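K.L.:
With the hints as a guide, bring both chains together as one complex.
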Amino acid sequence: MANKIPRVPVREQDPAVRATNFQEVCLGYSLEEATLEASRCLNCKNPRCIAACPVGIQIPSFIEALKSGDVKGAAEIIAKDSSLPSICGRVCPQESQCEGSCILGIKGESVAIGKLERYVGDWRLNNPQPTELPAKNGRRVAIVGSGPAGLACASDLAKLGYDVTVFEALHEIGGVLVYGIPEFRLPKKGVVAKEIESVRSLGVKFETDVIVGRTVTIDSLMDEEGFDAVFIGSGAGLPRFMGIEGENLNGVLSANEFLTRANLMRAYDEQYDTPIYVGQRVVVVGGGNVAMDAVRTAKRLGAEATIVYRRSEAELPARVEEVHHAKEEGIEFRMLTNPTHVIGDEKGWVKGINCLKMELGEPDASGRRSPIEVAGSDFEIECDVVIMALGTSPNPLIAATTDNLETSRRGCIVADEAGRTTRPGVFAGGDAVTGAATVILAMGAGRKAAAAIDEYLQNK
Amino acid sequence: MVEILDRQLLAEGIWQTKVLAPRIAKSAKPGQFLIVRADEKGERIPLTIADYDAAEGSVTMVTQAMGVSTRKIVAKGAGDHFADVAGPLGRPSDFVAEPLEELRGKRFIFVAGGVGTAPVYPQVKWLKEHGVEADVIIGAKTKDMLIYTEQMKSVASNLYIATDDGSEGFHGLVTALLEKLITEEGKQYDCCVAIGPMIMMKFVTLTAKKFELPCIVSLNALMVDGTGMCGACRVTVGGKTKFTCVDGPEFDAYQVDFDEAMRRQGMYRTQEQRALAIAKERAEGHKCNIGLDK
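For the protein sequence lines, the chains are R and Y, in the order given. Here the first sequence stands for residues 0 to 459, where the numbers follow numbering that gives the first Met the number 0. Here the second sequence stands for residues 0 to 293, where the numbers follow numbering that gives the first Met the number 0.
Looking at chain Y on its own, in the form it has when it is part of the complex (with noise of 0.2 Å):
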């Protein structure tokens, strides 16, 4: 069982919580994600780190309640407890391991879509704290879905925002800001890293293509161990057949089958909505029929 120390509602849907983990408090490096078991009946579900804290002995990730295992999550708040939180997994960013006087010389542009800005923020942190300028775009539908804004201006060197509505900044998707940055406000950037969506991912790295501009992308595959037992999260890099989990989260944005990857992360996907309207049924009282044929 893991301490829950914290839960704040960041936007409609969107949480964050913070448990007691010492372990992977020490041992959590930016990139890094986690294996999260609301209770004893729960799926194993991963979740990106959002920020960690040695001395506290305390990890902190944010989840959008989506299916019936994420809303388990974000149910429960201080005092209570996971039955399971598992990690740090996967290999941290490639940047942690290279030496700082090239990484200092680096103009990074991270852009975080939606609850993706979460684990943006602990990379973007990790560079201030190494003396290395990043520059931040994060995206939402519209204002009141913006997250982790006020961290992110703490260690950004320069915080863009772009909603879909234009209610705040910049009116349009990250990619059309991307590009304007890049061409009509003359940024020039080394390194791209995209984690949103994957149908941003996949788009931000077109744009970062069209400006040879190399670009990382960190994929949220369907996952059952999270340790490379399963192969759930296969995926296509460069032709060859990589397990996110382990081999990644993170790849050459350039590489990566987007089209693949998204169809197999609806390989469940009748029988999650199933089970969500069998929750929802059991709330509200109708007959659900949803995902009877398969």
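Here chain R stands alone, though its shape is the one from the complex (with noise of 0.2 Å):
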């Protein structure tokens, strides 16, 4: 029976340290931690957290056995319906999704379904487990991009026997868990590279440095180098910018330029070579997780940092989490504001952001209250770096380079449920289908299509 404790708090970094450092903010639960929390669940008959999962992961059955202290156990369950949960623990908006639907925060707080998640996650990562494979079946699967959706489709079709080779245009494995988000989110050595390492551990390749649609492209994987299904999970990667004034301005950067340089390149880090610019005072516009890892990660770079925001603070699209630890880091919040116009020096570098007040209208097509112009509230910012987060788009390369694979308007691979594409033996999913979504959403759409290819190479 659940006891009446309240939510077991979890050790953070504290703010002021932190704001200075790249070290993970979040320290997660010990194992007594863990079990208490886990004792706060009521393991519902009708466990709405489940439904609530975009890959429906036992949530009561995993909690249940962290709680007598299996471990072990509480991993197995998970395993079963994710295959990243030490990342999706730590990335997962857990407010809109299982913690957001448990019954203990209609009138209180929710289980920490996230951290205790992460918890059995970093177990699994730290005590792997030997995974029994069946027989090579002598079919080769392609992988394009080693984000969540290439590592997932991966690691399920290597367990159905499946020879696969996942290909990689950048120099490191991880697709947006290397690149995008930060060190002080999601720690590169201590968890993405043993998730990776796990999925090695199941036999299968990685290439790096290889760009399909340039290096290779998805008929010469099949035709020539002999793969008889590709799964594309090429991720939503090109940046989107304002098209507004002053925009190409020394010192204006997408997000994904930023964190890349910072993240990817480890440009915080004095022994790599790569270059990045902060100057005094960043202007970050934009209002999801991608806006909150750039400001955050200029202000451990030593600037003031501040989020400009067109529509008001309910309407963010970031993790309360992050917002909230944002906050608590000293990153200054600007909401109901919109830039009409970057301004610069007399040598083309920015001084400066203009922007217009707004006010909340009705709600638009997203079902926010939409952002209307305060007309003449026009007032400046002062700034050396504007930097852009206002979304991302799949890379166009592989559908411009592979015949009778369509696409929607958006740029996106058009393919079903279970991720077939309009070209047979092709399969996608993740953002490049969806459009920038979430981490738990590619790995789901991973998964799905490792089942697809299996059923389509075992018919073939």
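There's no promise every hint is true.
[Claimed, not checked] Listed below are the simulated EDC-like cross-link pairs for lysine to aspartate or glutamate, each with C-alpha atoms no more than 20 Å apart in a straight line:
id, chain 1, residue 1, chain 2, residue 2
1, Y, K241, R, E246
2, R, K135, R, E361
3, R, K346, Y, D163
4, R, K187, Y, D164
5, Y, K179, Y, D164
6, Y, K28, Y, E132
7, R, K188, Y, D258
8, R, K204, R, E224
9, Y, K40, R, D268
10, R, K459, R, D227
11, R, K3, R, E63
12, R, K350, Y, D258
13, Y, K25, R, E206
14, Y, K241, R, E244
15, R, K187, Y, E39
16, R, K106, R, E94
17, Y, K75, Y, E11
18, Y, K28, R, D218
19, Y, K40, R, E11
20, R, K326, R, E11
21, Y, K142, Y, D163
22, Y, K239, R, E246
23, Y, K239, R, E244
24, Y, K28, Y, E11
25, R, K350, Y, E259
26, R, K158, R, E379
27, Y, K75, Y, D38
[Claimed, not checked] So, partial list: chain R residues that the calculated Cβ filter (under 10 Å) puts toward chain Y:
id, residue
28, H170
29, I210
30, G236
31, L237
32, F240
33, Q270
34, Y276
Hints are computed from structural coordinates only; laboratory data are not their basis. All values derive from a computational prediction rather than experimental measurement. Virtual Cβ for every residue (Gly too), placed ideally from N, Cα, C.
P.N.:
Structure representation (structure tokens):
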């Protein structure tokens, strides 16, 4: 029976300290804390949390196992539905998924499902369990992209006996987990690298620096290199800009560039050659997780850092926890503020950003109240760097170099629920299909596609 | 890791490096470039492809040692390895997709400056292999800084040399030589391709405009990934923002905002100079203060 203790707080680095380093903010539960928190779960007859999980993890069951200290059992239950619990426990928007529908959350605080998942996931990474692999079936599958969709698809196929090779365009495996999400939110060595290692231990091969659409094509992989099927999990990597005046001034950059320099290229580490520039004050335009990642990275690199967002705080698409952490770290939030143009000095460098105040009107197509300009409310924010974090769209390179692969108007690859594209033998999933979404949805799509690829190749 | 097959010094600070990269060698076309990372802590540096040989599985690049990263690249010799070589990136030169009958009626003039001479070579070579005539102007500060003259001689219909100090060939800038060829020697061209320092490309474009000669330039913008992800290589072409890495690197020269492109190349100059000064300081032992304000 559940007890009535309050949600067990999770240990975190002190905000003043962590705003100057790149180590992980959240330190996670100990076993005692995890079992205590697990004891709060009511084990509902109709568990709403499962329905709210994009991949349907048997949440009450894994928590039940954890409650009795059976971490291994908990890990096995999660593994049935998720291949990346350490990662999803850290980056899923739990407040709008599992935890958002927890019955305890109605009157009090929901069970810290994310933190429990993280605990179990980390235990599994640190206590790798031997996986019995079936004999190789001789069929070869190519996976394009080594982000969450590709990793999940690769690991499921390897467990089914396929000979899997993952092709990554960049020099490091992990996709957005490596170039996009910062170290302080998702440790690269401690979590991502171990997660990749566990996929590698299944016999999956990885090849970096292969740009599908340039170095090779989908056709050359299938016709010349002997792959029987291909899964495209190339993500949504193209940055959007506002299209306003002054956007090409020196000092305006995409969040992708800024985060890639900091994360993938380790610009914050003196040992690396990567240059990065933050100046005295950085303005980040946008309100999603990427905007929070960029603004908190800028702060850690020593700048005063401000978020500029055209709607109000209630509409911020970022995870609540990230907004909370950002505020604790001293990030300034300028809500209901929309940039009109970037102001440059005589040498073409950013010196400020001109904004308009906004107010909220009627709900728009997204269901959120749409921002309306307040006439004559122009004002300037002085800054040295402007970072645009306005969302991303899929890279058109693969679609442009592959015949009969249909894409939508937004440049997304067209695929059904199971990941089948318009081209037989070619499957796709994750952000490349949906546009920018979440790690867990991409992981789920990769797993569904793995099942569909298995079915396709069994019947071929 | 990518094996280095061969390295040659072409001129002071300019090295040619050949690497083993069979997939790239097979896919490469004129106009495309590579991203090279010398070691595990290095930057991703875009370098144009100077040659490729599918049979040998090799790709050749030419690098001028300027900053910390390019110095790391040229420091590696045969038998050493680069951490990464990715490519071929960018769109191939437009002429690769043009019908050969039309192409064969065209007269090309290539204007190559400094280290930009290297990427001109595979273009002229491709044209020669496909029966298309092309003249080439190679420009350099002085005779000793000329590169690829022998290779170019073997593929160009006519090769013209210009040096700033007159130590070889025409005494003056490539723009003056181009103008002389058209006005004094009665040369007629249908397409000009200029590859070299941004300032040279800007002025070749102005010269070409005078004669209403269509002109293509290959931009060497700053890049991180080279695949369209970062947007560091933004350039304004015809009033619209383009990404050099995926929309280029070659653009209609008349449409390019060269002043903006040159300014954007300097985005990290302070950091680059500081990094170089620190590297030298480590070697020589003095204290560097450059860029402490940025």
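K.L.:
Take the hints in turn and mark each one as holding or not.
P.N.:
Hint check results:
| no. | hint | in the structure |
| --- | --- | --- |
| 1 | Y/K241 / R/E246 | holds, 12 Å |
| 2 | R/K135 / R/E361 | violated, 58 Å |
| 3 | R/K346 / Y/D163 | violated, 29 Å |
| 4 | R/K187 / Y/D164 | violated, 54 Å |
| 5 | Y/K179 / Y/D164 | holds, 17 Å |
| 6 | Y/K28 / Y/E132 | holds, 18 Å |
| 7 | R/K188 / Y/D258 | violated, 42 Å |
| 8 | R/K204 / R/E224 | holds, 14 Å |
| 9 | Y/K40 / R/D268 | holds, 10 Å |
| 10 | R/K459 / R/D227 | holds, 10 Å |
| 11 | R/K3 / R/E63 | holds, 16 Å |
| 12 | R/K350 / Y/D258 | holds, 19 Å |
| 13 | Y/K25 / R/E206 | holds, 17 Å |
| 14 | Y/K241 / R/E244 | holds, 15 Å |
| 15 | R/K187 / Y/E39 | holds, 15 Å |
| 16 | R/K106 / R/E94 | holds, 15 Å |
| 17 | Y/K75 / Y/E11 | holds, 16 Å |
| 18 | Y/K28 / R/D218 | holds, 18 Å |
| 19 | Y/K40 / R/E11 | violated, 30 Å |
| 20 | R/K326 / R/E11 | holds, 14 Å |
| 21 | Y/K142 / Y/D163 | holds, 9 Å |
| 22 | Y/K239 / R/E246 | holds, 11 Å |
| 23 | Y/K239 / R/E244 | holds, 11 Å |
| 24 | Y/K28 / Y/E11 | violated, 28 Å |
| 25 | R/K350 / Y/E259 | holds, 17 Å |
| 26 | R/K158 / R/E379 | violated, 57 Å |
| 27 | Y/K75 / Y/D38 | holds, 10 Å |
| 28 | H170 | holds, 4 Å |
| 29 | I210 | holds, 6 Å |
| 30 | G236 | holds, 4 Å |
| 31 | L237 | holds, 5 Å |
| 32 | F240 | holds, 7 Å |
| 33 | Q270 | holds, 6 Å |
| 34 | Y276 | holds, 6 Å |
Comparing the model with each numbered hint stated earlier shows that hints 2, 3, 4, 7, 19, 24, 26 do not hold.
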